[in-house]
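There are 2 protein chains.
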Amino acid sequence: MNALRIGPGFVLASQRTDATPGFAGDKRAAAAALAEGATVLSELQEKFFANSRSGDTRKLLLVLQAMDTAGKGGIVRHVVGAVDPQGIDLVAFKAPTRAELTHDFLWRIRKRVPGAGLIGVFDRSHYEDVLIGRVRQLAPPAEIDKRYEQINEFEQELVDDDTTVIKVMLHLGFDEQKVRLAKRLDRADKHWKYNPGDVDERMLWPDYQEAYQVVFERTHTDAAPWFVIPADKKWYARLAVQHLLIDTLTRMNLDWPAATYDVEVEKARLAAS
Amino acid sequence: MNALRIGPGFVLASQRTDATPGFAGDKRAAAAALAEGATVLSELQEKFFANSRSGDTRKLLLVLQAMDTAGKGGIVRHVVGAVDPQGIDLVAFKAPTRAELTHDFLWRIRKRVPGAGLIGVFDRSHYEDVLIGRVRQLAPPAEIDKRYEQINEFEQELVDDDTTVIKVMLHLGFDEQKVRLAKRLDRADKHWKYNPGDVDERMLWPDYQEAYQVVFERTHTDAAPWFVIPADKKWYARLAVQHLLIDTLTRMNLDWPAATYDVEVEKARLAAS
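Taken in sequence, the protein lines are chains H and C. Residues in the first sequence are numbered from 57 upward in steps of one, following the working numbering. Residues in the second sequence are numbered from 57 upward in steps of one, following the working numbering.
In case anyone wonders, no lab produced these hints; they're calculated from the structure. Every residue gets a Cβ at the ideal spot worked out from N, C-alpha and C, and that includes glycine. Certain hints may be false.
As the list claims (entries may be wrong) - Once the Cα atoms are required to be at most 30 Å apart in a straight line, the calculated DSSO-like pairs of lysine-lysine come out as:
{"hint": "1", "chain 1": "C", "residue 1": "LYS323", "chain 2": "H", "residue 2": "LYS234"}
{"hint": "2", "chain 1": "H", "residue 1": "LYS289", "chain 2": "C", "residue 2": "LYS167"}
{"hint": "3", "chain 1": "C", "residue 1": "LYS289", "chain 2": "H", "residue 2": "LYS323"}
{"hint": "4", "chain 1": "C", "residue 1": "LYS290", "chain 2": "H", "residue 2": "LYS167"}
{"hint": "5", "chain 1": "H", "residue 1": "LYS323", "chain 2": "H", "residue 2": "LYS290"}
{"hint": "6", "chain 1": "C", "residue 1": "LYS239", "chain 2": "H", "residue 2": "LYS323"}
{"hint": "7", "chain 1": "H", "residue 1": "LYS290", "chain 2": "C", "residue 2": "LYS323"}
{"hint": "8", "chain 1": "C", "residue 1": "LYS167", "chain 2": "H", "residue 2": "LYS167"}
{"hint": "9", "chain 1": "H", "residue 1": "LYS246", "chain 2": "C", "residue 2": "LYS323"}
{"hint": "10", "chain 1": "H", "residue 1": "LYS323", "chain 2": "H", "residue 2": "LYS83"}
{"hint": "11", "chain 1": "C", "residue 1": "LYS150", "chain 2": "H", "residue 2": "LYS167"}
{"hint": "12", "chain 1": "C", "residue 1": "LYS167", "chain 2": "C", "residue 2": "LYS150"}
{"hint": "13", "chain 1": "C", "residue 1": "LYS290", "chain 2": "H", "residue 2": "LYS323"}
{"hint": "14", "chain 1": "H", "residue 1": "LYS150", "chain 2": "C", "residue 2": "LYS150"}
{"hint": "15", "chain 1": "C", "residue 1": "LYS249", "chain 2": "H", "residue 2": "LYS239"}
{"hint": "16", "chain 1": "H", "residue 1": "LYS323", "chain 2": "C", "residue 2": "LYS150"}
{"hint": "17", "chain 1": "H", "residue 1": "LYS323", "chain 2": "C", "residue 2": "LYS249"}
{"hint": "18", "chain 1": "H", "residue 1": "LYS150", "chain 2": "C", "residue 2": "LYS323"}
{"hint": "19", "chain 1": "C", "residue 1": "LYS167", "chain 2": "H", "residue 2": "LYS150"}
{"hint": "20", "chain 1": "H", "residue 1": "LYS249", "chain 2": "C", "residue 2": "LYS167"}
As the list claims (entries may be wrong) - If you want the footprint, here are the derived chain C segments under chain H, 3+ residues with CB under 8 Å:
{"hint": "21", "segment": "141-151"}
{"hint": "22", "segment": "230-242"}
Looking at chain H on its own, in the form it has when it is part of the complex:
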C-alpha cells in the first residue's frame, strides 16, 4: 500500500475518500485480512520490543490526524489495540492547557515521544498547531508560518534519534462525516461521542482541507513522510494503517535478540535452585 505515500504535486482535493487503493477485496475480506495482519503485527511488535531490551535504540512513531469521526479511535482500538499494550505508548493530545500554552507548541509533544522498542501513537499531535491553529487563527500568521519548519526540524531530530516517523491523515469525505455525526445524534449510546463543536469545525471544512494541503506541501519529507488514507470505508483505513505498521517493522529486519547471558550456565543455576 505504498501508493498511499504522497508524492510531488500531491493535491488533497483530487483524492477520492471512498477508494481502497491496493486492496481489491470487500468488507468481509478486509475483516479476515485484518485478523491475519494482527497476528503478524503482534509478532513483529514483540521482536521490536525484545530487541530494545538488549540495546536496540529504535523507536516507531505513528502520528494520526483527521477530521472528526474519520476513525482515529477505531484505528487505535482495532489496529493498535490488537498488539500487546506493553509495547504501545498511546497519547491523545487534547486542546493545550493554560500551562502548556505558556510553552513552545512542541514542548508538550517532546515529552511524549516513544522510548526504545515502543510504538508511540499520537492521536492528534503537533499538527493541530498548524491545522486548528491556522484555521482558527490561534496564533499570528507569521508564528504559524514558522511552525512548519520547526516541525520539520523536530521530526528530523526524532529520526536522528532512531525513530521511524509515520504520519497518517485519514481522509474522510464531507458527506460521510455528516452520516457519522448523524449516527452519534441518533443513538443514545453514542451521544457522549458527539460535541456541538464538531459541527462548528465542520462548517470550516474547506479551510481545514486547505490547511491540510499546506501541511503536506511543507512537512512531507523523506525523513518523515505523510500517508493519506481514504477513510470513508473504516475497514479499509484500518487495514491500510495496519499494513503501514507491518511494512515499517518488516523493513527493520527484526530477529529475536541473542541472549545477553550464558544460557547453559543459567540452565545449571536454575536446575540447582
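Following the hints, put chain C in place on chain H, whose structure we already have.
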C-alpha cells in the same frame, strides 16, 4: 470469584497455587469464558469512560504484584489488552531511577494514578518497596516498617478521590516457576524474557513469601482490599482478574450518560451543514 478476596487470618503459605476457585471448567472452557468476558468488560469500560466525559470523577486502579513469570504480562496482554487502549493507563514500574530515589517512595507512584474514566494498571507498584525493599534490605527496617502505614494512607486518599483500588497478587508455585523459567531458557524466542537476576530472586523465595504475608496483614483494608489468585494455571488467573474487573465495574451501575446538549437542536444544525 469473591472467594479470592482475602479475609481475616489469611495465610499465604496455606493457599494452593494450582486451584481454580469459583470456576469448574477446564482450559478450553476458560478460553471461551475469557472471550465472552472480553465483550462484557469492553462495554463496561466504554460506559465508564463515557461517563467521565460528562463529569463522573470515578477511577479504577488495578495493582498487579507477583513473583517473576507468574503471568502479569499475560494479564496485561489478554485481559487488559482486550479493551480499548484509550481507556487504559498502563504503567510498568521498574527499579527506581537515581532521580526517583531522591524522593519519597510514593512520589513516582502518585504521578501515575489514573484520571477519571480510566482503568489504571500498575504492573508492579509501591508494593515493591515493601517486597524487594524488605527482602533485599534496600532501606533501614524502621523505614520499611513505616511504609505500610504510608501505603494505607495513600490508598485511602485514592479512595477518597473516587478511585476503586483492586490489589491482586498472582500466587505462583515454586515448582511452576521453575518450569516457566526453564522454558524461557529453552527457546531462543524467549531468551530475551529471561534475566539471570530472576534466579537470584528465586533463591530468596521463602523471604518473598513472608514479605507478601506481611503485606497482606498490614495493607489489606476495606478501602483497598487484596485478592490472591492462584496462578499456576494461566487461563484461570486471567479469567479471575477479568471477572474482578467486570464485577467492580458492574457494581458502579454504569449507564450511557445523557447528552449534555440539546439533541434536536444539534440535529437541525447538522442537517443545515
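Going down the list of hints, with the structure as the test:
A distance of roughly 10 Å separates the Cα atoms of LYS323/C and LYS234/H; the hinted pair therefore holds under the 30 Å criterion. A hinted pair counts as satisfied when its Cα atoms are at most 30 Å apart, and LYS289/H with LYS167/C does not qualify at roughly 40 Å. Distance restraint check for LYS289/C and LYS323/H: the Cα-Cα separation of roughly 23 Å lies within the 30 Å cut-off, and the hinted pair is therefore satisfied. Restraint check for LYS290/C and LYS167/H: the C-alpha separation of about 36 Å exceeds 30 Å, so the hint is violated.
Pair hint LYS323/H plus LYS290/H does not hold up; C-alpha atoms about 49 Å apart against a cutoff of 30 Å. The suggested pairing of LYS239/C with LYS323/H holds, with an alpha-carbon distance near 10 Å, which does not exceed 30 Å. Note on LYS290/H and LYS323/C: the hinted pairing holds, with a Cα-Cα distance of about 23 Å set against a maximum of 30 Å. Proximity of LYS167/C to LYS167/H is assessed by CA-CA distance (about 15 Å); at most 30 Å being required, the pair is judged to hold.
For the hint linking LYS246/H to LYS323/C, the alpha-carbon distance of about 14 Å falls within 30 Å, and the restraint holds. Pair hint LYS323/H plus LYS83/H does not hold up; C-alpha atoms about 50 Å apart against a cutoff of 30 Å. Among the hinted pairs, LYS150/C with LYS167/H is consistent with the structure: their alpha-carbon atoms are about 19 Å apart, no more than 30 Å. Under the criterion of a C-alpha separation no larger than 30 Å, the hint pairing LYS167/C with LYS150/C is consistent with the structure, at around 15 Å.
Pair hint LYS290/C plus LYS323/H holds up; C-alpha atoms about 23 Å apart against a cutoff of 30 Å. Between the alpha carbons of LYS150/H and LYS150/C the distance comes to roughly 28 Å, so the proposed pair stays at or under 30 Å and holds. Straight-line distance between C-alpha atoms of LYS249/C and LYS239/H comes to about 46 Å, which puts the hinted pair past the 30 Å bound. Simply put, LYS323/H and LYS150/C have alpha-carbon atoms about 25 Å apart, close enough for the 30 Å limit, and the pair holds.
The suggested pairing of LYS323/H with LYS249/C holds, with an alpha-carbon distance near 14 Å, which does not exceed 30 Å. A C-alpha spacing of about 25 Å is found between LYS150/H and LYS323/C, which places the hinted pair at or below 30 Å, so the restraint holds. About 19 Å separates the Cα atoms of LYS167/C and LYS150/H, which keeps this hinted pair within 30 Å; it holds. Proximity of LYS249/H to LYS167/C is assessed by CA-CA distance (about 28 Å); at most 30 Å being required, the pair is judged to hold.
For a cut-off of 8 Å, the count of residues in the segment 141-151 of chain C with a CB near a CB of chain H stands at 5, and the three-residue condition holds. Evaluation of the coverage hint for the segment 230-242 of chain C: fulfilled, as 4 residues show C-beta separations to chain H shorter than 8 Å, against a requirement of three.
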